[in-house]
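Peer 1: Given next are the chains, with one letter for each unit.
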Amino acid sequence: MVAVVDPDEDLVRRVGQGDPAASQALVTRKLPRVLALAQRMLGDAAEAEDVAQETLLKAWRQAPRWTPGRARFDTWLHRVALNLCYDRLRRRREIPTDAPPERPDEGPAPDRGLLAAETGARVDAALAGLPQRQREAIVLCHYQELSNIEAAALMDISVEALESLLSRGRRALRHALADVSPKGDG
Amino acid sequence: MTIERLKALAQAYGADLRRWPASERPFAESLIAADPAARAALDEAAALDALLAASPAPSPSAQLTARVLAGAPRPRARQARRGRLAWFLGAGWTAAACAGVVAGLGLTTHLTADARADAVLYQSTLSGVDDAEVLG
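Sequence order for the protein chains is B and H. The first sequence: position 65 = 65 (the numbering used here), numbered continuously. The second sequence: position 78 = 78 (the numbering used here), numbered continuously.
Bound-form chain B, shown alone:
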């Protein structure tokens, strides 16, 4: 088996030894990534914070017994965070509520100019409107910048299936955002 090169290996080892500077560095490096993943998967800021916190708490427990060379720590973190997101998405389906998760307003008319923040809100809404697996593929490959092999492994699908999800997701986004200019100037 080929040993995996992990840029986080030394940092995780020091975290496991109880080095406070290493813990701080790991939080600086990973918390924004995990939070962004959860936010885009769940579309809910409070839930995303809970998932990010729980993921990092699991990382603290894992660090002292982390075995280098078997997997990248960042991939493991994504696995943990995704599982927590799946749990929450499953609960939402099991317990339907009258109030859907908070989503930005999709209101502007096609000919109306949009500020950058409004463009961002439209993009978030379009992402949230995608089927879960398409959204997950785009979040992992585009926003989290994982390789196609890492993303496919995390989603437990083939690379070909991942490419299909990505294509369909991007096509749906292009359609949903057809009236939005990239510059936000209408």
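Worth flagging that the hints you see were computed from the coordinates, not collected in a lab. Predicted model only: the values in this text are computed from it and were never measured.
Away from chain H, derived, C-beta distances all over 10 angstroms, residues of chain B:
1) VAL5
2) ASP8
3) ASP10
4) LEU82
5) TYR86
6) ARG88
Partner residues are not named here, just some residues of chain B that face chain H (Cβ under 7 angstroms, in silico):
7) LEU31
8) GLU49
9) TRP60
10) THR119
11) GLY120
12) VAL123
13) GLU163
14) LEU166
15) SER167
16) LEU177
Calculated from the model, a selection of chain B residues having no Cβ within reach of chain H, i.e. all distances over 12 angstroms:
17) GLU9
18) ARG93
19) GLU94
20) ASP156
Positions of the beta carbon are idealized from the N, C-alpha and C atoms, including for glycine.
With chain B's structure known, arrange chain H on it following the hints.
Peer 2: Same frame as chain B, but now just chain H:
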């Protein structure tokens, strides 16, 4: 690489070749340089990439960061292990010292008894001489 494959990759991964499968990048670069249709496919993908970039990445709040850090492994645990090790080492040295004292005392008592016995014997010899002289 065919132009169809390049279009499929652009539709899946976008215009930034760094997101593409590493094995396909060199062929894609050659095709983009040679075929305007390949460039057009990338431009179309780049327009959606620009829109996706408008989605703001959330920043962790100071409160969240503090909550997360509060659960981080503490160096105290390591110090406690060191403390326990030091305690065991100290106890070992103490036990060794006690054993040395006991052994020393035992040895001293034994040697003193021998010396005392020799002294009594010697004394009795001297007494014998004195008696002979007196009797003689």
